[in-house]
Structure formats: structure tokens, C-alpha cells
Amino acid sequence: MSLAVPGLRIGLSRDDLMMRAGVVLLAGLLLVMLGLPLWALLAKGFEDRDGKFVGLANYISYFSTPALFQSALNSLQVASITTAIVVPLAFLYAYALTRTVLPMRWLFQGISLIPIFAPSLLPGIALIYLFGTQGFFKALLGDGSIYGIDGIVIAQVFYCFPHATLILTTALATADARLYEAADVLGASKRRVFFTVTLPGAKYGLISAALVVFTLVMTDFGIAKVIGGNFNVLATDVYKKVIGQQDFSMGAVVGMVLLAPAALAFLVDRLVQRKQVALLTARAVPLVPRPKFARDLFFTLFCLLVSAAILAILGMAIWGSLIKYWPYNLSLTLDNYDFAKFDSNGWDSYWNSVRMALGAAVFGTVLMFTGAWLNEKTRGFGMMRGVVQFLAFLPMAVPGLVLGLGYIFFFNAPNNPLNFLYATMGILVVNTVAHFYTVGHLTATTALKQIDPEFEAVSASLKVPVWRTFTRVTAPICLPAILDIAIYLFVNAMTTVSSVIFLYAPDTKLASVAAVNIEEAGTTAAAAALCVVIVLTSAAVKAAHLIADRFLFARLQVWRRR
Amino acid sequence: MIDRTILRRATLAGAAALAMFGLASPAFAQKTRLTVYTALENDQLDPFKKAFEADNPTIEIAWVRDSTGVVAAKLMAEKDNPRADIIWGLAASNVGLMASMGMLEPYTPAGASALNPMFLSGKSPQTWVGMDAYLSLVCFNTAEGKKGNKPVPTSWADLIKPEYKGSIVMPNPASSGTGYLTIAAWLQIMGEEAGWKYMDALHQNIAQYIHSGSAPCVQAAKGERLIGIGLDTRGASEKTKGAPLELVVPKEGLGWELEVTAIVKGTKNLDAAKKLADWAASKKANELYAKTYPIVAYPGVANTPPNYPPNLEKVMVKNDVEWMAKNRDRILAEWTKRYDGKSAPKAK
Amino acid sequence: MTNYLEVRNLSKRFGDFSALGDVSLDVVEGEFVCFLGPSGCGKTTLLRAIAGLDPQTSGTIRQKGRDVSALPPAQRDFGIVFQSYALFPNLSVTDNVGYGLVSRRQNRAAILKRVTELLALVGLPDAGPKYPAQLSGGQQQRVALARALATSPGLLLLDEPLSALDARVRLRLRHEIKALQRTLGVTTIMVTHDQEEALTMADRIVVMNHGAIEQVGTPQEIYRRPATAFVADFVGSMNFLAGTLMAPDKVRVAGVDFDCPVQAGLAPGQKVSLCIRPEDVRVRDLPADIVNRVPVEVAELDFVGAFCRATLRAQAAADVALTADFSSNLIRDLGVDIGTKLDIALPPDRLRVFA
Ligand SMILES: Nc1ncnc2c1ncn2[C@@H]1O[C@H](COP(=O)(O)OP(=O)(O)O)[C@@H](O)[C@H]1O
Ligand SMILES: [Mg+2]
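Chains as they are written, first to last, in my numbering: chain A, -7 to 554; chain B, 868 to 1215; chain C, 20 to 374.
Some hints here could point you the wrong way.
To be verified - Once the Cα atoms are required to be at most 27 angstroms apart in a straight line, the calculated DSSO-like pairs of lysine-lysine come out as:
no., chain 1, residue 1, chain 2, residue 2
1, B, Lys1032, A, Lys130
2, B, Lys1158, B, Lys1185
3, C, Lys149, A, Lys455
4, B, Lys1132, B, Lys1193
5, B, Lys1158, A, Lys333
6, B, Lys1013, A, Lys316
7, A, Lys284, A, Lys195
8, B, Lys946, A, Lys44
9, B, Lys1193, A, Lys44
10, A, Lys316, B, Lys1185
11, B, Lys1185, B, Lys1150
Said to hold, decoys possible - From the derived model, a few chain A residues whose C-beta atoms are all more than 12 angstroms from chain C:
no., residue
12, Trp31
13, Asp42
14, Ser53
15, Tyr54
16, Leu133
17, Ala165
18, Val189
19, Ser299
20, Ala301
21, Asp330
22, Val358
23, Gly372
24, Gly418
These are calculated hints, taken from the structure and not from any lab test.
Yeah, the Cβ is synthetic: ideal placement off N, Cα and C, and Gly gets one too.
Please build the complete structure, drawing on both the sequences and the hints.
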């Protein structure tokens, strides 16, 4: 590549060439995993049902129906309400975790993650047991009904809470103690410190959390489908078109419409992220909270309340998995865990899920971390790196349904040399990695931005190839982030439904899909049981991670100690 | 000493078994693996597979099972490079569309002539062959009815009475085939104008249009709702599990839909697929269907599965399948305009 | 003396912003050169261009006669130490220092021997098994230096290596680095914004401002004969008296004419600044016929430790003020205090005139 001014061409070292080749390879891979499959579906938006090109006709017909406007409005409404509830809630919770002296902090932190481990079916079932017509706490809703916007919002709050808490915990944990000392010295009131130091410090975290929650709610159809009632949202519109009427053209149109707000949200996030980097690289002195009775008591009670709500939903699902027939025969049984009775694949689908999740964790982590590194550290080559960045951001804005169908159209095309992948475990792994690419990529990028930017320059001056510095220095330093990505992928692979439901083959049915099928067959208790097994698996993996972190990796990371 | 002899014998036996297995394995490999796409109920899969494989030991069934919409969407999306060998148990309306798109391999199974003609595609050779009919009826929760002192309805007309306000659920026709056949039946029984007027009135009593044909009866069974309009089989199976449910057949008649078998064009296992198509049309197969469905294709094998009202054939409306297919887009558009999304619960 | 490094017409643009404009510079083999200038003036940019880390927009760089302008960093010959040190935190000090040696196919014993030698050289013979986080800032700095020197580069580049350290350590390291450089004879370029650092360490100083070189010279030259008003102001303290050039060797300030060195480049009648360093103001033993004598009154007196900085006002024109450094002895001997009236002289050979 020549630099801006003609006349000077900077030669490329072997490292540069290798890294550029890596970026090209990565871009190609992402194109195959994301870009082309998405296009394969979205292009149908310009065709009629027989595959004839019709230009914008489908768009015109869709935009001229009043239903679109209503669905779009509903989507925005649910997303806004959920965001308005989740973000303050998560902020207080994250504040409690990072800025107060909380007894058994690790436990509260663990509990806040539970919703991530659960398939979205689980809160659906639990909410019906809790607030449905026969529910224990039906009275709490007054005249309202769980079927509709109330139910969607409650379930979405549950589902989005850990995402927002994770982001805000990170944002609040990186605070600079010196600012608080300065404020103290200046005799600022607590209120004033909160509004002038704490909030601005977490500003980017707050914006990020709000955008992530907003996008999650916009693209999720599982919850809206199960307890949404008549409340139409854009994501269920896609479902209606694609699953209800097998109308891929209109499905593609709605999918494209759905991309717009989500893409916009992510554009804002990009801008914010860019500014945040500077914030993190400041030489901060970590803040260690000092005990303060009244404050600590308040936040402990708050955390207890939130944890109780989360545990109530999980507990309800566990209990629901142990009863014979809701609500008319509440005697207990373990029969619901004998999955062979409800699904011909029995426990096989569970082991398939575990294998798939492990595959996605290994393949995805290697790809995401190496990819983020290549994209961060390659010198020049701006265009190609921009392409990678764009592709990496795409999946967050894409409903799984759209991606899954796109995979069929793309990978199953008879002239695609990759169609040997179709109907194998491989395609499930690839699809899952693609589906969850954005967050992993962001995590890796953030971790890479936090380490010294000059490692590569030092290696070049010492004539050490970059890949060596990557394996010997960069990757070991980022080990915590790498493990986080792996866990994130594992956990999501265990629960994902919307995309893989189109892609499994007879031998590769997944537990999360089986749970949906079992629930559809009316065997709610068995579906709850399968969900519980999934939650426990993910929780066990996370617990193993924490324990390993404490004992094993502590030894690997002696160098962190001062 | 004795122990050791036993041990040695066991080892020998094991080795022999291993050798046999080794010899036998090529035989396993010769088995044709038939990929079958289906929307049959989960608990039907095993008995169906076992029964067929017992009669056809060289063929092994590999199921891809999901809800009707997902399976249909998958089949249509795979159109250019089909992965399914055969469809066994999918709604006739979906399969009919695939036939019109040339996605099916026409084949008249041996013994098709013995079937009730209503269950055949009418083409020669047949594009699809029916197995059973399922109905959209009314599931009434007697326990909740007693609590609220609500009478059991006996007709569609009963359902628009104000006492059922907010206590009825039915499938959303835009997302569920069952939903569509239900409203198509009303439009056919009552005529279009009266049909829409009926739905206007019914809309006042509807609590929710659900994105599933089976969920309404399940919700009624669990007391979430008093009344569910939806799939008969699910109502019956919930009742078997102990739900206080009554399956009501409205006297005006019922909408229905066929579940069918069809060979997918382009299959690499055409012979095996034909064998399955033959078997699926046999009396033996129909006897198996009759365990869960009250109405099957083979005349005379009809028995009544547990918890079904008797004589259901009599109340099936005269269903013009072609009319249903032709008018689908128009009716759904009209339905969506009238009822969908308008009824969002008021935000409190 | 041969030029080790020749920079010619180097420019660097970041979008519309010109960070370096047409910079040319020679560095002699074995020399210690400092880039000195205010923050943001382009010192780091120039250093990184020399290393090839952020290539220039135009211009050429020759190192040891070889045109390296278009070479990537890995094909140039230099060792570098950053302000952050960029030590690999997960590797021990030994592994850090030996990092560049491992890929040169040397055997373990040879590497270890070289590492031990280097650690002794930088005064950390026992630090080998430790990790960077267990070392103080100054120690980390030395490890970074040892690592940069391990491969015996022909050119050592240091970007503000001392700015993250506290004052005491900084002073000590100044001398150590300088001594080390002298022992090894390695051509060295150091970036700093600290004039004292540049004056004490450098053989030659390159003063930069706004992406251009203002002056290149030995510390003496830079201090004694600043080429521009900017250099005069930036390096050390300087009095600027507004005046007019009357003749090539006469400047009038507040109605009084001062003798000064002959100004070739300036035209009489031009507005100029007459400059003198505070320590060059003469007070004691003024001969009766001394030129540039000014009667002044002491307006302020600030104690700075070894000396006092006095603010003096001309008795004839109260708005003309200048600072002068008086030693403690002088203050005691002459009984100087605020309000004291005395005569001073501005020696012509110490005067500088800038347009
Ligand atoms: N990557 C960059 N993009 C845009 N401007 C830059 C970049 N790097 C440096 N600059 C600008 O170039 C000027 C010189 O920077 P630098 O060489 O780092 O100054 P210093 O003399 O303090 O080392 C500064 O104004 C800086 O803002
Ligand atoms: Mg700098």
C-alpha cells in the first residue's frame, strides 16, 4: 500500500506481509461466515416469491401497511422501557459490587450472571408460573396480564440484566481513586461527588450498556413470541413472515428494517468506544471502597432483593421441572429429567450441545482473539481493517432467525464448495461463533487496547517476528480476557435457538432446540427440566473458571503480583 | 483357578463378539439412511420409526423434526439443494405449495387406490398422499369454567357471547397454519361477509392470538385460559395427562387439514423413499396413525383415540383446499389489517 | 567525522495537520543528540520516522550510508526505549533482556552470559529472575535500556525515557545513561522536553518548535548563542527588552542606546528585542567608563536557594524591568534589599538581538 503522498512507498517487512495476509484471510472468513449468508437472505427482499427480481416492490408494499408502523413503535417502546429499567437497576447493582463493602460479593456477582446461562424459554415458563392466570403472584399484577407488554418487559429485564451489569461493573471498576480523594479534600457533598465524579466516569459504560440492552431487545423474538400476546414487534413480524408463511422475501424486508435501528445504535457505540479508550489508558489509582455502615446496609439489601428476584425465577423453573402437571397435580417427580420420554434424541441433544459449545468456545476464541489482534496491530491497510471492523459489528444487529436462514441459502447452495459443511456439527459451530462475534471481538479489542501499544515496535527493533511476541507476550497477558470470551461463547452456545433451529441435522439436534420443541408439545415441566440442566451446566463451567482463576491461573500469573 | 478360567472364557467370548461385530459392520453400512423431514409429534417418532424399520430392515430413518413452520421454511430454503429424502407428516397446504413449485417427486404409492380419495393430491402420479386429518376445535377447561360459572359452549356462535370476554385464545393465522385453517373454515361455513362479522365479534372475546397452533389447547389445559381454539391432538393428549379439559366440537362444523407424505425431488435414495411412501400408505401404517388421530386415510381403520369426541368425520366442513391456497395472501392481509397489532394491551 | 544518520527534507502530515515540515539533520557516529522542544512540537514524530515506526510523508533518511527511508522497522538497525518502557510484564527480567537474542540462534549459555553482562552494565546484577512489576520505575528503565542494547544496535533511540521517574532517580539516571553511552560509543538520539536534561546529557541539541528545527548546536552554543527568540526563551531564562535597532551595533530601549554585537541581518529602524540572561547582568566593580550602564531600583527579590532572582526597574523608565540573578554573597556584600538603588551594566558581548 502506498501512503497518502505519491512518491514514497514504504516497504513491507515479512511481519507486515504476514499480518496483512492474516487480515485478508480474516475478512474472507468473516465474509463467508456473516456477510455472504446475510446477503443471501437479504437479497430475497428484492425478489418475489418465485425468485424474480422486483426491485423495491416488497419494501413499498411493506411500508404501505400500517402494521409496520405499529410493530416498529412497539419494538421501540419495549426496547426503551426495558432500557430505562435495566440500566439504572444494573448501575446500582454494579455500584454495589464495585464501590461498597458487600458481604459475599462473589456470590452476588455470580447470581447476577444466572440469566445469561438460561435459555429464554426459562424466564417464559417461570413467569407464567409466577404471574400467569394460575400464578402464585398473579395478584401483584392487578388487572394486568403477563401476556403482553408487561410480560415482555419483565422477561427482557431478566434477560438483559447481566449484560448491563457486566458492562457497568467494568466501567465502575476502572475508576480513579485520586478523583474521589480530590473531591473529598474539596469538601464536596456525597450527592455532588456522585453527580460530578461517579456518573461522568461511568458515562461511556452507561451509554454502552443502554445501547446493548436496546439492541438485544430489538432483535429478540423468543420472549415476544412466548409471552408477547398480541403485542407485535418487528422481530415477531419476521417470525410471522418466515415461519408462518414461508415468505422469505417479506421476511428479508422486515429483517432489513430491523437492521436499521440496531445498526444506528451500534454506530453510536462505536463513537463512544473510541473515546472510552483514552479514559482507560489514564494512569489511574484503583479505588478500594472503605466500609460505611448505612451505605453498605442499603446496597446489601438492594442486592439481596435483586438476587432474590433472579433466584425466584430460577427456583420457579427448578420447581416447575419437578412437578407432575401444572397447576392441577403439583406432586413431585424426577420423571421430567428422563428426556428420552419427551424427545427421541433424549439426552443426546444435551451432549450435542456440550460438544457444540466446546467447539464454539475453542474455535471462536482463537478466531476472535487472533482476529482482533491482527486488526488492532496491522500497520496501515486501513480499508481492509475497516471491512473487518464492520463485519465484526454486524451480527449484534442481526436477528438469529435471519442469520440462520441466510446460512441455509448460502451454505446449501449446490455450487458452494463449502456445502459439505451443511448439516454437520461444523456449521452449528460456525454459525454460533458468527452469531456472537461482536461481543467477543469487542472484549478482545478492549483487552488489547489496554496493554502497552509499543510491544510490536519493540519486537521489530529486536528483530523478533510479531507472531512470536503474540504467542509469548500478548496472548499470555490477555489470558483473562481470552477465558472470558471462551466462557461467553460456551454459555451462549448452550442456550442459542433462533439461528441453529434451521441448521441442525438428525444427529446434531441441540438441547436448547429440544427444549423449545418439548415446550411446544405441551410438556412444560420437561422443557423446564432441560432448561435447568442447561443452566447448571453453564453455571458449573463458570464456577470451574472462577476456581481455576483463583488457584491455577494465579500461579501462571505470578508476574501480576507487585 | 476357577475365576481365571471364567475370565479366559469371557475374554474369548468377547473376542468372538468383536469379530462378529467386525464382520457384521459392513452389513450395517449397507443400510440406507433416509433423511425424513417431519412435523409429527415427538412421541410419535419412535413408534413410527420402529414399525417401519421392522418391515424394511435395510433402511434406517433419520428424523429432522420441528414445528410445521420451521420444517416448511427449512424445506423451502433448501429448495435448490434438497437435503430431505422424503416428507412424512407435514401439513397438506405447505406440501401443496411445494408441489406447485416443482419441489416434489411425483409417485403413486402401492395401495394408494385403497385410500379415501379425499386424502390424495388428485394428480397422476400423486404428488402427495394424506395420512390423517387434524382438526381445529375448542378446548374448554372445565375446572376454570366451574370456578367462573361459565357454561361449556356448543357452537362457534356461542363463543361470541360476552361472558367469554377476554378468555379465549386462538392461533394467529399469520404465524400458524392451524390459525389459518380455522378462519378459512369460518369463512367457508358462514360466507365471507358473515365470516368477517363473526370474527369482529369474536375479536372482542379474544385474549390473545398465539404464534402456535398447539399452544391454545395447552394453555386451556393448564388453566391459563378458559378456552383455546386449536389443534385437536394436543387437547386430547393434555387430557390424557390429567388436564380438566373438554374437547368441544362446535355444531357448525370444523376446519381441518391433512398431514401428508411426499417424496422430495432430487433425493439420492429414491428407492428407499418409495418404500417409505408405500409403507406410509399401508393399512398397517394407518392403524398406527389411528392411535393418535381420529381420522385417517385408510377407510375402515378409524377408531377413536382416547378423549376424542366420536364421529368427527361427520362434522368436518366441506373444505376447498384450492380456494384456501389461492386466497391465503388476501385473507391474511385482511385479517392482519383488522385484528393484528390493533389489540395491543393499553400501557398502564 | 562521518555522518551516521542523514535526515533530508523530512515531512510528516496527519491529515491536514503538518507535524513535521521539511526537516533536515545530520547525526555523527557515536554522538549523543537530544531533540528538545515543547510538548507537541514533533519530537516523537521525528524519532518514530527515523525508526520507521510511523513513516514520513516525504523526505529521505540514510543510516550509515544506506537509504533506509522506505524500510520497515525490522530492517533498520536500532534499539528503542519508550517512555512507558514497554517491558513484557509476563517475562522475567532475564527473558526481557534476552528477548531479541533468542531469535538469533545463539545458544542458551551465550544468551545468559550476554544478559548477565548487560544487567551488570546497567547496575542490576541480581534482578534477573524478577518480573517487571516487582521493580521500581528506575530499575524498569534500566532493564528497558539493557533490552534495547542487547542486540548491539548501531543506533539507540530514547523517547522521554526519564519523564516518568521522580526527580532524584532522574538525576542519577541522567549520568548513568550518559556514562553508558560514552562507554559503548553507541550513536544515541533522545527525545526530551526537559532543557536541563538536554543540556547535561547531550553532545548536541536539536531544538524544535512547530514541526521545524530552530537550532542545532552544542549545549554551550544553544545556551550562549541562541539562534532564535524561541530558543532564547525556551532554553534557560532570558530578559526580553523591546527596543529599536538604531545602528548595526546600537539598540535603543526606552530612550537609552545600548551597545551590542554587530547585527548583520537586521535593518536599522527595525523593532527588535534586546536580550540578556539574568546571570549575565553585571553589578560589582563597574569601571567608571563601562558601557551600557543603567541605574535601577530593586523592585522584588525572590530567594531561589543558591541565589536570588531580583526584579529591577530602570530609574529613568519604571516600565522597563528585567531580572537578574544575584549570588548570596553579593546581596550580603552590597546590602541589597527591596528599594535599593544601584547601577548595573549589560555587557555587550552577552547581549543578543532578535527581530
Ligand atoms: N497519529 C497521529 N494523528 C494525528 N496527529 C498526530 C498523531 N501523532 C502525533 N500527532 C500530532 O503531531 C504533533 C506532534 O506530535 P509528537 O511528535 O508526539 O509531539 P512531541 O514533540 O510532544 O513528541 C502533535 O500536535 C500531535 O498531536
Ligand atoms: Mg513525545
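Do the hints match the structure? See the list:
1. B/Lys1032 - A/Lys130: Holds. B/Lys1032 to A/Lys130 sits at ~19 angstroms (cutoff 27 angstroms).
2. B/Lys1158 - B/Lys1185: Measuring from Cα to Cα gives roughly 25 angstroms; hence the hint holds.
3. C/Lys149 - A/Lys455: 24 angstroms, holds
4. B/Lys1132 - B/Lys1193: 24 angstroms, holds
5. B/Lys1158 - A/Lys333: It holds: about 17 angstroms lies between the C-alpha atoms, which stays within 27 angstroms.
6. B/Lys1013 - A/Lys316: 23 angstroms, holds
7. A/Lys284 - A/Lys195: At roughly 25 angstroms apart (the allowed maximum being 27 angstroms), A/Lys195 and A/Lys284 satisfy the hint.
8. B/Lys946 - A/Lys44: 15 angstroms, holds
9. B/Lys1193 - A/Lys44: 20 angstroms, holds
10. A/Lys316 - B/Lys1185: 40 angstroms, violated
11. B/Lys1185 - B/Lys1150: Given that 27 angstroms is the threshold and the Cα spacing comes to 25 angstroms, the pair holds.
12. Trp31: Given that every Cβ of chain C is farther than 12 angstroms from that of A/Trp31, nearest at about 33 angstroms, it holds.
13. Asp42: 51 angstroms, holds
14. Ser53: 46 angstroms, holds
15. Tyr54: At about 42 angstroms from chain C, A/Tyr54 clears the 12 angstroms cut-off, so the statement holds.
16. Leu133: 54 angstroms, holds
17. Ala165: 19 angstroms, holds
18. Val189: 25 angstroms, holds
19. Ser299: A/Ser299 is indeed farther than 12 angstroms from all Cβ atoms of chain C, at 35 angstroms.
20. Ala301: Holds, because the least Cβ-Cβ distance between A/Ala301 and chain C comes to about 41 angstroms, which exceeds 12 angstroms.
21. Asp330: Correct as stated: the minimum Cβ-Cβ distance to chain C is 49 angstroms, above 12 angstroms.
22. Val358: 19 angstroms, holds
23. Gly372: At about 9 angstroms from chain C, A/Gly372 fails to clear the 12 angstroms cut-off, so the statement is violated.
24. Gly418: Its Cβ never comes within 12 angstroms of chain C, the nearest being 34 angstroms, so this holds.
The structure fails hints 10 and 23 (numbered hints given earlier, in ascending order).
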